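J.: Using the sequences and the accompanying hints, generate a full structural model.
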Amino acid sequence: MNKVVKNPALALAGITDGMTLMVGGFGLCGIPENSIAQLVQMGVKNLTCISNNAGVDDFGLGLLLQGKQVKKMISSYVGENDEFERQMLSGELEVGLIPQGSLAERCRAGGAGIPAFFTPAGYGTEVAEGKEVRMFNGKPHILESALTADYAIVKAWKGDTEGNLIYKATARNFNPMMAMAGKITIAEVEELVPAGTLDPNQIHTPGIFVQRIFKGEKFEKRIEQRTVRPKN
Amino acid sequence: MNKVVKNPALALAGITDGMTLMVGGFGLCGIPENSIAQLVQMGVKNLTCISNNAGVDDFGLGLLLQGKQVKKMISSYVGENDEFERQMLSGELEVGLIPQGSLAERCRAGGAGIPAFFTPAGYGTEVAEGKEVRMFNGKPHILESALTADYAIVKAWKGDTEGNLIYKATARNFNPMMAMAGKITIAEVEELVPAGTLDPNQIHTPGIFVQRIFKGEKFEKRIEQRTVRPKN
Amino acid sequence: MALDKNGIAKRIAQELQDGWYVNLGIGIPTLVANYIPEGIEVEFQSENGVLGMGPFPFDGEEDPDLINAGKQTITTRDGASFFDSATSFAMIRGQHVQLTVLGAMEVSQNGDIANWKIPGKMVKGMGGAMDLVASAENIIVAMMHRNKAGESKILKACTLPLTGVGCVKKVVTELAVMEIKEGKFYLLERAPGVSVEEIIAKTEGDLVVPDIVPEMNLN
Amino acid sequence: MALDKNGIAKRIAQELQDGWYVNLGIGIPTLVANYIPEGIEVEFQSENGVLGMGPFPFDGEEDPDLINAGKQTITTRDGASFFDSATSFAMIRGQHVQLTVLGAMEVSQNGDIANWKIPGKMVKGMGGAMDLVASAENIIVAMMHRNKAGESKILKACTLPLTGVGCVKKVVTELAVMEIKEGKFYLLERAPGVSVEEIIAKTEGDLVVPDIVPEMNLN
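Sequence lines, in order, name chains V, Y, C and R. With the first letter of the first sequence counted as 1, position 21 gets the number 21 in this note's numbering; the numbers rise by one all the way through. Add 232 to a position in the second sequence, counting from 1, and you land on the number used in this note's numbering. Add 464 to a position in the third sequence, counting from 1, and you land on the number used in this note's numbering. Add 683 to a position in the fourth sequence, counting from 1, and you land on the number used in this note's numbering.
Keep in mind that the hints were calculated from the coordinates and are not lab data. As the structure is a computational prediction, the values presented were derived from the model and not from experiment. Hints may be right or wrong, so weigh each one.
Only pairs whose alpha carbons sit at most 25 Å apart, straight line, appear in this in silico BS3-like list of lysine-lysine [as the list claims (entries may be wrong)]:
1. V:K71 <-> R:K800
2. R:K807 <-> V:K45
3. Y:K415 <-> Y:K304
4. R:K807 <-> V:K221
5. R:K867 <-> V:K139
6. Y:K363 <-> V:K139
7. Y:K363 <-> C:K588
8. Y:K371 <-> C:K620
9. C:K474 <-> C:K585
10. R:K852 <-> R:K839
11. V:K131 <-> R:K807
12. Y:K363 <-> V:K131
13. R:K807 <-> V:K72
14. C:K648 <-> C:K633
15. V:K6 <-> V:K158
16. V:K68 <-> R:K804
17. V:K72 <-> R:K804
18. C:K469 <-> Y:K453
19. C:K581 <-> Y:K363
20. Y:K300 <-> C:K588
21. Y:K400 <-> V:K168
22. V:K68 <-> R:K807
23. V:K218 <-> V:K231
24. Y:K453 <-> Y:K238
25. V:K45 <-> V:K183
26. V:K72 <-> V:K183
27. V:K45 <-> V:K68
28. C:K469 <-> Y:K303
29. V:K221 <-> V:K6
30. V:K72 <-> V:K131
T.: See the structure below:
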């Protein structure tokens, strides 16, 4: 069941104006760089992007914002991004803010066929407005619904030809849940190996969740907050 | 944060009559054999056991049934067990049957602080009796609640002193979710290694979910349905 | 002539499409894996936590930690993966598995299925069946047309406790292939040499019979 | 004398207990990791998916794939683990993390906290804060007693949009340690050399002051 496509153009074929995309990553860590570059090149517009963050001005999803390709961002934390701020304040860009844990769980739910679940996060805040509240164990919870996307675009460290994925360190973050929640899921990987190479016991995302996979040409992996100790 | 205890007796200390236990495994695969033997020795009674299956007559949870230590089994599939059948038909043993996917998800929910979720499984069947029904995407779903336990007892392949666990093949099954859902979680492992030995990228159950860990003395690993091809 | 169990499995295998992930139940469904048509690739999922099942192991090479949902020792193919039960049912409930094949005690003409409980007899539990039938977009039932008492299992309404409602799309028995739609069974094919009359006689549910009912092609 | 940020962190570190898993927010809370009392072991969780964080990496050894929730490059200790965001918040929501320390713009005497949004200003989002405050059994707020305009942040009722309701148990500022219970702030300790009168003057919420308010012991 070979899912390998040759390049980002083939991987992202079918993404059109107005679609909803999930894009993996936390800050600039574990984002599908090559796919984002391809989205810029394709020039698709009016996208709804579900992604924990919105990148920085000149990297990550910030690149799509620069090209005014995004109609709506659904995230838990934005900012770090002047163009984002300008578009949001001017009303060009819609923004839906979701608690980070609810965002993760709603993506997982979307992939797992759980249409809705109760969580305590956001009760009593504006996040809860219009949502059902119910007590469990003496504590109020709100009902949150599943999220899905036309396409989910994720980035992994290693992948095989059947779409099995392994992530590295904290570059895992939202990628596994988004891979589950895409109607079509595209994975870009640093290393693409034949099926049978990866240990079946160590697969983070089983290939069933991935429809297309390609090896990214290069990964810049920009660091947002370089913090170091001096070597002595 | 050393969680190692020397033997099953110390690992299971605190389990008393009437408690609810989650016990990992699918059939006889991935069950905590040494802990079950210890429960038999302790003679604790009136237990509620949440476990996908109930073992066979002379192995797995069947051993607890023989000693009439179980008041109630919560499972998805029982049978393969004459003593179980006798106790159930005579009314000595209560049995709660739950669809397997709902059982897995309810354990995960218990561990993840999700008190309830909607699932399509069981709608229109006796499993749905008394449960809230709601339509999502044109399809009826029922509301299922989280499961937790006083103690969860799981079995892993490798574990480290901080309680990080790696399972082998399909012996993983219910163990990871049950590890999350126990107020106190006890892990028995085949191989116990110092912290830092296991690759942090390949941990199936992070140590935060495990309170006590011990190396099992021996693992019989009985096979329920040996099916083979002849070697030619 | 009515098919045997392998014949039923062989006919169902014709429904497989390239690239599908498939969950096979215990019994006749398991046999489907032996008849994958040439030129297509499918992957088998087992709900206890494995994707990419291969054939049974060679004698002496069985691994107690590697079983399928029927608790049989198995092997895996290249590209296999293991996962926990919650993830496994996420695949099933989330409709990532394209086809589920399972056995049944009864199927009704609105697609209800009963296959887990006979009141008054020992109840073994539903296992993963309720999740599978409630979730799958595409469910094929593989079973004998009648029970051991000679009563039709293709019914107007199920008499046994249900496993799921309105979910079965297709039924393959030793006599016929039937589709379920709009509250009726539609006879699509008959087993080689089996007459339409015999199928009608052995079917209790409403059966729509077209003028021409082709024989199954099992070559 | 009022504490500096490190003093606040040092005082909060005294609350740590052996074997706890702890989530530290951005800002003052991050500093708590520098003052773990002798003889106890705690593990730090970061909600982007790591347990067992170590110190910042040596210059030149930073790994872009290894960051904390503040997007800072980090290292890990022996026994660390990585996991996805859903599992990370399962730990938090499921109360497997024993202590959460975070900053705030306002705290009210019934334990409400506001720390994510100032209407009319740019909104950056709540990140994981709403999950953390709604879930944690044990939340300590680390902040300055007053804002830059000199207004008390220790209030009868929050004026800013809430992050969570009735969740804060303890507040540590540069002036005082206060417990929240029964709808009031209880003054537990004062910073060395800070008078009870100063704390009262700078606190807008109802403050219960015992006869004797010990000084914090920061040695």
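J.: Confirm or reject each hint.
T.: Results of checking the hints against the structure:
1. V:K71 <-> R:K800: The given pair, whose Cα atoms are some 22 Å apart, holds under the 25 Å limit.
2. R:K807 <-> V:K45: holds, 24 Å
3. Y:K415 <-> Y:K304: holds, 19 Å
4. R:K807 <-> V:K221: Holds. K807 (chain R) to K221 (chain V) sits at ~23 Å (cutoff 25 Å).
5. R:K867 <-> V:K139: OK: K867 (chain R) and K139 (chain V) at ~20 Å, within 25 Å.
6. Y:K363 <-> V:K139: Measuring from Cα to Cα gives roughly 20 Å; hence the hint holds.
7. Y:K363 <-> C:K588: holds, 22 Å
8. Y:K371 <-> C:K620: Measuring from Cα to Cα gives roughly 23 Å; hence the hint holds.
9. C:K474 <-> C:K585: violated, 32 Å
10. R:K852 <-> R:K839: holds, 15 Å
11. V:K131 <-> R:K807: Answer holds: K131 (chain V) to K807 (chain R) is near 22 Å, not above 25 Å.
12. Y:K363 <-> V:K131: Since the Cα atoms of K363 (chain Y) and K131 (chain V) sit roughly 21 Å apart, the hinted pair holds (cutoff 25 Å).
13. R:K807 <-> V:K72: holds, 15 Å
14. C:K648 <-> C:K633: holds, 11 Å
15. V:K6 <-> V:K158: Roughly 16 Å between the alpha carbons, so the hint for K6 (chain V) and K158 (chain V) holds.
16. V:K68 <-> R:K804: This hinted pair holds, its Cα atoms lying about 22 Å apart.
17. V:K72 <-> R:K804: holds, 19 Å
18. C:K469 <-> Y:K453: violated, 32 Å
19. C:K581 <-> Y:K363: holds, 20 Å
20. Y:K300 <-> C:K588: Holds, because 19 Å separates the two Cα atoms, which is no more than 25 Å.
21. Y:K400 <-> V:K168: holds, 21 Å
22. V:K68 <-> R:K807: holds, 19 Å
23. V:K218 <-> V:K231: Roughly 29 Å separates the two Cα atoms, so the pair is violated.
24. Y:K453 <-> Y:K238: holds, 22 Å
25. V:K45 <-> V:K183: holds, 19 Å
26. V:K72 <-> V:K183: holds, 19 Å
27. V:K45 <-> V:K68: holds, 7 Å
28. C:K469 <-> Y:K303: Given pair K469 (chain C), K303 (chain Y) is violated - Cα atoms ~41 Å apart, limit 25 Å.
29. V:K221 <-> V:K6: Judged against 25 Å, a Cα distance of about 22 Å means the pair holds.
30. V:K72 <-> V:K131: holds, 21 Å
Hints 9, 18, 23, 28 from the list above are not met by this structure, while the remaining hints are.
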